[in-house]
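*Asks:* Protein sequence lines correspond, in order, to chains A and B. Quick note, in the UniProt record's numbering, the first sequence goes up one by one and the last residue is 234. Quick note, in the UniProt record's numbering, the second sequence goes up one by one and the last residue is 111.
Mixed in with the good hints, there may be bad ones.
Chain A side only, calculated, beta carbon under 8 angstroms to chain B, not exhaustive [said to hold, decoys possible]:
{"id": "1", "residue": "Asn46"}
{"id": "2", "residue": "Ala65"}
{"id": "3", "residue": "Tyr76"}
{"id": "4", "residue": "Phe79"}
{"id": "5", "residue": "Lys94"}
{"id": "6", "residue": "Gly109"}
Note that these hints are calculated values from the structure, not bench results. Ideal placement from N, C-alpha and C gives every residue a C-beta, glycine not left out.
Okay, here's what each chain looks like letter by letter:
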Amino acid sequence: MNPCSNNNSGGGGGGGGGGSANNDNGSGAGNQCTVREQDRFMPIANVIRIMRKVLPTHAKISDDAKETIQECVSEYISFITSEANERCQREQRKTITAEDVLWAMSKLGFDDYVEPLSVYLQRYREHEGDHRGSIRGEPIQLKRPAAVASEGGVDHSPAVGVYGLPQLQAAYHFPATEPHHHHHQQQQHQHFGFYGASATGGEMGGYYMGVYGDPETGSSQELVDNFDLYAHYK
Amino acid sequence: MRQAGIYSGILCGKNGPHSLPLSRIKKIMKQSGEEVKMISCEAPLVFAKACELFIEELTARAYKVTMQGKRRTLQREDIAAAVTATDLFDFLLEMVSASVINDGRTTTEST
C-alpha cells in the first residue's frame with residue numbers, strides 16, 4: 001500500500017540537520033551524540049521565517065515567543081499524529097498515511113487546513129508522475145469522522161474538505177444558500193468552482209484577515225501581501 | 001547538503017528551500033507514540049505545509065494580542081493568551097501555562 005514508507009529513515013538525521021543548516025541556539029558539535037533536544041523541534045530559523053510572513057515588518061519577536069512557537073509546532077505534530085495513529089490501529093493498519101493525517105486534522109478541528117492541504121497533496125501527486133499516479137494517484141479518499149458523516153456541509157467540517165479533486169469540484173456545486181459555520185467558507189465555495197489557480201493566496205488571505213480581525217487595516221493588508229504560501233500553484 | 005531522495009523533487013522544486021525539514025517532522029511523529037511504526041512519505045509532506053499554516057495562524061492570533069496591548073514585540077504571554085482564547089488550540093494549554101515553570105528552555109520570562 002505504501003511503497004515508500006520508511007525508506008528514508010536511515011539518512012534522515014544527517015539529511016535533515018545538514019539541509020536546514022540553521023539549527024537552534026548555535027548548536028555545536030557537542031549535540032551530535034545525544035538524541036536530543038534539537039530533534040524534538042523544528043529548526044528555529046525556519047519557524048521564525050514562517051512567523052515573519054504574517055507579521056508586519058516592524059514587529060519584533062521575543063526569544064521566548066520563538067521557542068514557544070517551536071514547542072507548539074512539535075506539540076501540534078504529536079497531537080495530530082496520535083489521532084491518526086489511533087485510527088490506523090483501529091483499522092489494523094501499520095502505516096500512517098497522508099489521508100490519516102488529514103482525517104485527524106479534520107477530526108481535531110483543523111478543518112480549515114484540510115482543503116489547502118488536499119490541494120497541495122493532489123498537486124504533489126500530479127507532479128510525482130505517471131508511474132506513481134497509476135498506483136496511488138486516485139483522488140484522496142478519506143473517511144470522515146462518523147459524527148460528521150452527513151452530506152451537505154451542515155456539520156462543523158467543510159463539506160468538501162478531504163475529498164480529492166473530482167469530488168471537490170462536484171461538491172462545490174452546492175448552492176450558496178447552504179448554511180455555513182465559517183465566515184470564509186462561502187467565499188471558498190465560489191472560488192473553488194474553478195479550483196485551479198484561484199485556490200491560492202486570495203482566500204487564505206481572507207482567512208487570515210479574519211484571524212486578525214481589523215484592529216489595524218494596514219497590517220492586514222500587509223498580511224495579504226505577504227501571504228505567498230500558495231504562490232507556486234500559479 | 002540534503003540527500004536527494006524521494007522528496008527531492010518537491011524539496012528542490014515546488015516546496016522551495018525554506019520548507020520545514022521532512023526528516024525532522026518524521027522524527028517528531030515517531031516520538032509521539034511507541035506504536036507509531038511506519039509513516040507514509042506523504043505524511044510528513046502534508047505536515048510541512050500544515051505546520052506552516054499552524055505557525056501562521058498561531059502567530060497571527062498572538063500578534064493580535066500584542067497589538068491590543070499597543071506593543072510591537074510578540075511575547076510568550078501573547079501566545080498563551082491566544083491559545084487560551086482559541087478552542088482549536090486547547091491542546092496547547094498545558095504547555096503554554098506550564099513550560100514557564102517546568103521547561104528549562106524558557107526560564108526567563110520578560111513582561
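*Asks:* Next, verify each hint and record whether it holds.
*Replies:* Evaluation of the provided hints:
1. Asn46: At about 5 angstroms, which falls below the 8 angstroms cut-off, the nearest Cβ of chain B leaves the hint on Asn46 of chain A intact, so it holds.
2. Ala65: Holds, because the Cβ-Cβ distance from Ala65 of chain A to chain B comes to roughly 5 angstroms (cut-off 8 angstroms).
3. Tyr76: Where the cut-off is 8 angstroms and the nearest Cβ of chain B is about 5 angstroms from Tyr76 of chain A, the hint holds.
4. Phe79: This interface hint holds because 5 angstroms falls under the 8 angstroms limit.
5. Lys94: Holds, because the Cβ-Cβ distance from Lys94 of chain A to chain B comes to roughly 5 angstroms (cut-off 8 angstroms).
6. Gly109: Holds, because the Cβ-Cβ distance from Gly109 of chain A to chain B comes to roughly 5 angstroms (cut-off 8 angstroms).
Of the numbered hints given earlier, the model fails none.
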